[in-house]
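Chain D is already provided as a structure; the job is to place chain S on it using the hints.
The listed protein sequences correspond, in order, to chains D and S. Just so we're aligned, residue 3 is where the first sequence starts under the numbering used here, counting upward by one. Just so we're aligned, residue 184 is where the second sequence starts under the numbering used here, counting upward by one.
One should not assume that every hint holds.
With a straight-line cut-off of 25 Å between C-alpha atoms, the simulated DMTMM-like cross-links for lysine to aspartate or glutamate are [unchecked claim]:
(1) S:LYS379 - D:ASP148
(2) S:LYS370 - D:GLU69
(3) S:LYS370 - S:GLU387
(4) D:LYS31 - S:ASP378
(5) S:LYS379 - S:GLU344
(6) S:LYS356 - D:ASP148
(7) S:LYS356 - D:ASP67
(8) D:LYS31 - S:ASP236
(9) D:LYS31 - D:ASP148
Because the hints were derived from the structure by calculation, they are not lab data.
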Amino acid sequence: MNALQSWAQERADLVEQVAAGVVAIQTPKGRSLSGIVWDAETIVTAAENLTADQVVVRSASERLDAEVVALDLATDVAVLRVHSGLPAAARGTSERLRAGQPVALVGREATQVLAQWADIQLVGPSWRSRRGGDIARTIRFATRLDEALEGAGIFDATGALCAMAVPNPRGRALGIPVETLTAVQARVAQHGYLPQPYLGVRLQPVWLDETQRTELGRDRETAVIVIGVDPNSPAQTAGLVFGDLLLGVCGHAVHSPGAVAREIGATAIGSTLELDILRAGEKRQLSMTVGERPRR
Amino acid sequence: MNDRDANAVAFADRYPNLADVKAIVAAATPALRQELALRLSAGGFTLAALAQDPEELRSSLFAQTESWVLTGGAAEIARPFFLTALQAEAPVLGLISGDRSSLRAILSRGAAGVLGFSSNPEAMRAAAAAIGEGLAVWEPDEEHEEAPGAAPAPLSPRELEILQRVAAGLPNKVIARQLSLSPNTVKFHLQEAFDKLGVNSRAEAVATAIRRGELAV
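Chain D with its partners taken away, still in its complex shape:
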């Protein structure tokens, strides 16, 4: 066998080797995604397009009903519960990934293996998603991600799982590192669901005129105002009241309710936030402990 033949064969062999650890996921709306077998009871996939509570999981030979136990839109990680008994994908690390390194994106479409080799375009530091999730590392590809490979495993040449494939907003592949998957899965395993950080404050943007902007030293035209405080919420405990102007969270200026949600999205429940507020024309600081969004 020549070098080209053995290179081709080894690539296909590696895909075959890791394929037992990946599944297809079918939503009731007919969308097909891929997923990674985390353990005999758990499957990890991409959250963004998983709009249902119940999905069908397909392995090479089986068809199983799975329950969506957690959707973490901040990190785009979803956790499914199903007694699959399938062998878990061998987990590695994303630490040693390098730009230019070829990796295998492996998932499933129905019972068939779906695979694509891609070169990593860029490996970078941790970043915060638009929905406020902390992602342990930037793993970027120049390649477009096939729809059915959303949630697929990204495997290195040793067959170890390094990341999960998700599309970026323009449809190119992006890797969510295995360390981030582990962190989300650990939180779900601990609670049985994914606790959501919560302050208990309803907000609206307000326009600041030029004088107000100069006085407050702000460059954006809006800030947010408190229009409601949920009873028995962290916001109430901290003493936020209707009409307070929220200017900053932990030193970051906030200009919209969405920006506040993003700041909160990545904070740990139980951690303390410093809020910059304006009450009756006076700047103040309040400390608030991030709570958990009530589940009833």
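Only chain S this time, still in chain D's reference frame:
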């Protein structure tokens, strides 16, 4: 740029300078497509493709990853094209004839711009530069002042009760059990809430309700 720099790293390629990228003209009638294509070249932009319905626009956006969308005509006709482009996270600019107040709410959903149909090439270029930065652009409409009654319908207490639980990550069947409703009733209320918020998914519903001040952060 208010988001953190690290975010900009990952999405640096998200909105390129629109003057350098091709546009997809999306409109339902051939005459309108032609008019928009002419206006596009008058603005100094290049045409990548024409799309006659949202479905075609979706596949064009899929084929032309680095592109933006020019649509136009009456607000109600242009609306589906706006939604399709925003769903694909592509920048979109609309040249809207008549009352455009109903498109106002769309601007909060991404890099979108709404101008009057008779806007000059200069205004188009300025708007394209701004939406290329990920900003929303709205040209005030003097003829059609926004009616006070045009405010979006608020969520009902029941819808809010359900959405609060959706935000906590509860599945429909658990919500149904807690509120002594059938899962189908929960689904129905949730769909009503989606319609009022103009969204298609649980995640968008939560984000939009937070933005509108109806749900607590």
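We went through each hint and held it up to the structure:
In summary, the hint linking LYS379 of chain S to ASP148 of chain D is not supported, as the alpha carbons are separated by about 32 Å, beyond the 25 Å threshold. At most 25 Å may separate the alpha-carbon atoms for a hinted pair to count; LYS370 of chain S and GLU69 of chain D meet this at roughly 17 Å. About 16 Å separates the Cα atoms of LYS370 of chain S and GLU387 of chain S, which keeps this hinted pair within 25 Å; it holds. Between LYS31 of chain D and ASP378 of chain S, the direct Cα distance comes to roughly 18 Å. Compliance with the 25 Å bound is thereby established for this hinted pair.
A threshold of 25 Å between alpha carbons decides the hint, and for LYS379 of chain S with GLU344 of chain S the separation of about 15 Å falls inside it, so the pair holds. For the suggested pair LYS356 of chain S and ASP148 of chain D, the alpha carbons sit about 32 Å apart, so the restraint of at most 25 Å is broken. For the hint pairing LYS356 of chain S with ASP67 of chain D, the CA-to-CA distance comes to about 15 Å; that is within 25 Å, so the pair holds. Between LYS31 of chain D and ASP236 of chain S the alpha-carbon distance is near 22 Å, which keeps this suggested pair within the 25 Å criterion.
For the hint linking LYS31 of chain D to ASP148 of chain D, the alpha-carbon distance of about 18 Å falls within 25 Å, and the restraint holds.
Violation of the numbered hints given earlier is confined to hints 1 and 6; the remaining hints are satisfied by the structure.
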